[in-house]
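Mind docking chains C and X on chain U? Use the hints.
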Amino acid sequence: MPSSHLSHWGLLVTGDPLIYGADASIILASVGIVFVLTYFKKWKWLWKEWLTTVDHKRIGIMYLIAAVLMLFRAGTDALLMRTQLALPNEHFLGPSHYDQIFTTHGTVMIFFMAMPFIFALMNIAVPLQIGARDVAFPYLNAVSFWLFFFGAMLLNISFVIGGSPAAGWTSYAPLAGLHFSPGPGENFYLLALQITGIGSIATGINFLATIFKMRAPGMTLMKMPLFTWSIVATNILIIFAFPALAVALALLLIDRIAGAHFFTIHAGGLPMMYINMFWIWGHPEVYIVILPAFGVFSEVVATFSRKTIFGYKAMVSSLLLISVASYFVWAHHFFTMGGGVSVNSFFAVASMLIGIPTGVKVFNWMFTMYRGRIRMKMPMLWTIAFIPCFVLGGATGMMLAVAPADYQYHNSYFLVAHFHEMLIGGVVFGMFAALYYWWPKMFGFLLDEKWGRWAFWLWNIGFYVCFEPQYALGLMGMQRRMYTYPAGMGWTALNFISTIGAFLMGLGFIFMVWDIVYSIFKGERDLTGDPWDGRTLEWSLPSPAPHYNFAVIPTITDRDQWWTLKEQGRQDTLRPQTEDIKPIHMPKNSAKPFLIGIAFFTAGFGFVFGWYVFGAIALFGVVVLLLARSFEYHSDYHIPVDEVIHTETALGRL
Amino acid sequence: MAAIVEYAPGNVPEHDPRPLEYTNKDDSLKIFGFWIFLATDMILFGTLFATFVVLRTHVATGPSGQQLFDIQGFIEETFILLTSSFTGGMATFFMRRGSVRGTVGWLLVTAVLGASFVSLEITEFLHYIALGATMQTSAFLSAFYTLVGTHGAHVSLGIVWMLAIVIQLLRYGITAATARKVFVVNLYWHFLDVVWVFIFTVVYLTGVIK
Amino acid sequence: MLYSLSPDQEIIINFLYFCRDGRRAGSIFENRRRLQVAHFWKDERREKGVVAMKAGKVRRRTLTYAGLGAVAAALLTGCGSQFQVLDPAGPVARTELNMIDISIVLLLIVIVPVIGLLIYIVYRYRDKPGNTAPYDPHFADSKVMEFIWWGIPILIVAILGTLTVRTTISLAQPPGNTSSVQPLTIEVTSLDWKWLFQYPNGKFATVNYAEIPVGVPVQFILTSNAPMNSFWVPRLGGQEYTMPGMALRLWLQANQVGDYYGHGANFTGRGFAHTTFHVIAAPMAKFDQWVKHVKSTAPALTPTGYKNLAIPNIVGEMTFSSYPANSFYNTVMNDGGRFMPSTVQEEASLHH
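Chains as they are written, first to last, in numbering that gives the first Met the number 0: chain U, 0 to 653; chain C, 0 to 209; chain X, 0 to 351.
For reference, chain U alone in the conformation it holds in the complex (with noise of 0.2 Å):
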């Protein structure tokens, strides 16, 4: 179907047949899901049980959902671009239709879906693993996740109405500047990605602060998990990079809407200031992504070995050499924006050494595996496939880091196949590894091999038959976001089969959604709280945990506690003994957070079509909130002793 100019008709997108059909889904899901809270009678238990919580768990399971619900809708993004450029000189996108479409796949890919994900997975696993009742700031942590709701709301909403950013999602200056990007595509950009951000920020501060003083008695920074390890490396990087890129965004958003000249072409603005900032923020960020990934492998790798993690030590220091290294690397994004010799040099040799440690923890992975038992489980199998693929992926990277060779390489599909290799391979691997491993300590029950695996061949098949011939398509030459492109140039039939491996991976996605609708109703239940045999913590609570994680917090004395009682057969001292239960403070549930995400939302939506009253007015609101806030003295609770015993005896650990 041809896409003609996409068109207004007030705010609302016209012009295409795709956006009426977003717009039919949209109102047909909003109308659906009134209808089944209010047949099922749920708005209350929606508002007390999700909307106002501040519990991690169920935080971390609303971060899940959201991604998930990100991933498809970013990975039609992905199909239907996939579709355009399957033959040569297409019209099933126009040009400004396909420039939105690959803008916001890879903005909400990276804000949205790998982003929540991590989060996802910080809050349901990480108290649990050091013996915490719950994250250091509950209420920011909901904060957290409102802000990030609601600026994702407000990136989507674009599609229908006013029009989405169409300057890529790295949104460079000149391009995404007013000058060559009218109208508020951009600013929806700029202000869903600032909202999130500052989710994004409270996040950093709340898991190092829970992190550095909420470890359980005896558990020592060396006797933390890896996962927690690689979560205090990602929260670092967080809190340090962050602020860089919201300042970036500022500055934009500033030059767009005050006329400033920060990033313009005339009266002074430096454009190429705008890349040094995004990428001081940028590169950091892809090692935000990937280090909670590399956490999760050595949690599943030693599990599903029944073996120690070979080099504990090696392995802190490589996460803590990666986090520092990866401030030094950011200028090999734009080799070949004439640095010079010298900064070219530092850069190229920068971003070679950071493979080093790297390497050195795939080396680790593997010998954790030798002289183990290795079970083949859906969490290992996806652990095992990421390995060659992020091998090969850093392999490329590495080639990458040469950069007179980058001269040759840089925006060519090279460059995609590389990034989506590190991405898919490294990232979103690490993250469906999580996803089968945590998921019966979320939700009670396991889920299903069989289909899981029917996903994993397709997702493995998809990925390598998609984004290998890229390689060969940057070697020919053929640049990155092109809308068409033209025949006769040899790029034809790698593009087509590259098309039939995004949709072998749309097919792998939709498979884990059946595994997981089999699984709610046939998936075999966890009755131990234990179904891996696991080292960590978080295996010797019930599963799901009950709303305070610990009746009696333990005391640790080794790394991997839960294995090393096991062994001993000492297992039971983790039980809790009815003389060491004491009344337990926990916070009380609050609608202010989700209350700050509508505000926030309200003024971005506003200042997005220059409504500046009308977003200061919600700005107010925000602070409003935060004053409520400072006055609230009695926003917690205790939970009694009675209670406490009655859960625990129902759960069958009295």
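I should point out that these hints are in silico values taken from the structure, not numbers from a laboratory. Please note that the accuracy of each hint is not assured.
[Said to hold, decoys possible] Using 20 Å as the maximum straight-line C-alpha spacing, the simulated EDC-like pairs for lysine to aspartate or glutamate come out as follows:
no.	chain 1	residue 1	chain 2	residue 2
1	C	K24	U	D635
2	U	K581	C	D25
3	C	K29	U	D529
4	U	K587	C	D25
[Stated by the list, open to error] Over the 10 Å line for every Cβ pair with chain U, so calculated as not near, a few chain C residues:
no.	residue
5	L19
6	T39
7	Q66
8	M89
9	T91
10	G104
11	F124
12	I128
13	A129
14	L169
15	F190
16	I208
Heads up, the beta-carbon is just placed ideally off N, CA and C, and yes, glycines get one too.
Only chains C and X this time, still in chain U's reference frame:
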């Protein structure tokens, strides 16, 4: 900053030598979290400073710092803000002595000084705008207004915050929670003071020397 | 009849025997004999089947090797002009391809053992009943292994890093010997969505194509009067960004006659997919002839015409016998060049 000393339950000595806001885990944790927040704010201002330094010479058709800045004006602002940091410290001093009146009094003085700083700054900006040096004139001016303006916005939020705490002190007196709030707002205030010292040096002083 | 194995088959089969039998695996000669005997008995029992099987095997083997060979050939020789990066037509692209080849070789040193090791480990240490492989749940440390897998990568990075730095420095110099051959200068302006080429020596201009003499180093002075683009002619060499307010230099040289595909390589909006251009390399005599032809027959590029080039649209090829004086320098200055003196120095020296 006092060390966080944790006493084992049942082992707390009768006279707890720790400052009030460190006597329980919750409040100690919130202070620790706020230090991490200050680290992020430091990067935020650092990035804005970098922007300013890069764009400092990009004056296009507009005026430069030397043509614009009034030495007396920014010396006054500096004096007021630095004094307000001192008065904030006085508020903490009286808080340690358990005096609600002293704490509230000195916090109000701090807020008033902060407010006069902000009003001086607004006057300065309005003056420049009247001269035709707006944010839209040049990259240098965009960077100047954004950097100094962000600091001013931080100060303004701090004033509102301080007033809220004053009301809470009058309502609840000095408890661990209110002590923590006074401590944290003072941390914030001192941080903004440090940022101003850098603004004073990098923006105004070097601006008028060049 | 005894069938002999090709050397590649031998290596693979021995690896598999090693994987299955560990140290008890036979020597290379034993394994070869085993396979030959097995083939012999199959042959005796099912003549037809074996012939068919052998034919099938031969076909599969041929296809596999053909496929691998094609990939190898493509990678190493750039067979077919489709793999432009692998088919250099000039010294700059040649140097860059050399770096690509070296990096592939160095990285294969890591990739092949890692993947091989992974396959071996996953196969050998599976949790299957009756698996006699050693199980050592606390084996978590080995100084020797750490030394190897920190040491070898550090060595590889040292080599690759040194070569990278050397090549980066050399690519900033002209590719040929500029004392013997006078380099050609072409000023390139990327616009929405077209390329303007101005020849300061001859004072003529072209749009969406450029002609250069073979064997002469060409310095392209790049700028943009629109969003940042990137100037890329894959067969002649790597790309460089075109940035408003800056004049960056890219050295390229064609050593073969030909018509080389070029394209913008940094997204500039709706018409980006159409920012194609080409560079024609002709022998010196033909180039001079072309220059004379352009100067005598092409229309002039008036100041209005120059301004109209900045209108966002897609045009075909154009040729002009002259252009407004100092237009390139003025464009750079107007777009912010005043604030970036170091990046317009080169251009300033050509200022005329």
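Evaluated hints:
1. K24/C / D635/U: holds (14 Å)
2. K581/U / D25/C: At roughly 18 Å apart (the allowed maximum being 20 Å), D25/C and K581/U satisfy the hint.
3. K29/C / D529/U: violated (34 Å)
4. K587/U / D25/C: holds (15 Å)
5. L19: Holds, since 16 Å exceeds 10 Å.
6. T39: violated (5 Å)
7. Q66: holds (15 Å)
8. M89: Holds, since 22 Å exceeds 10 Å.
9. T91: The claim holds: T91/C sits with its nearest Cβ about 18 Å from chain U, beyond 10 Å.
10. G104: holds (20 Å)
11. F124: The claim holds: F124/C sits with its nearest Cβ about 13 Å from chain U, beyond 10 Å.
12. I128: Consistent with the label, I128/C stays out of reach of chain U, its closest Cβ about 13 Å off (over 10 Å).
13. A129: holds (18 Å)
14. L169: Label holds. Min Cβ-Cβ 12 Å, cutoff 10 Å.
15. F190: Its Cβ never comes within 10 Å of chain U, the nearest being 14 Å, so this holds.
16. I208: holds (21 Å)
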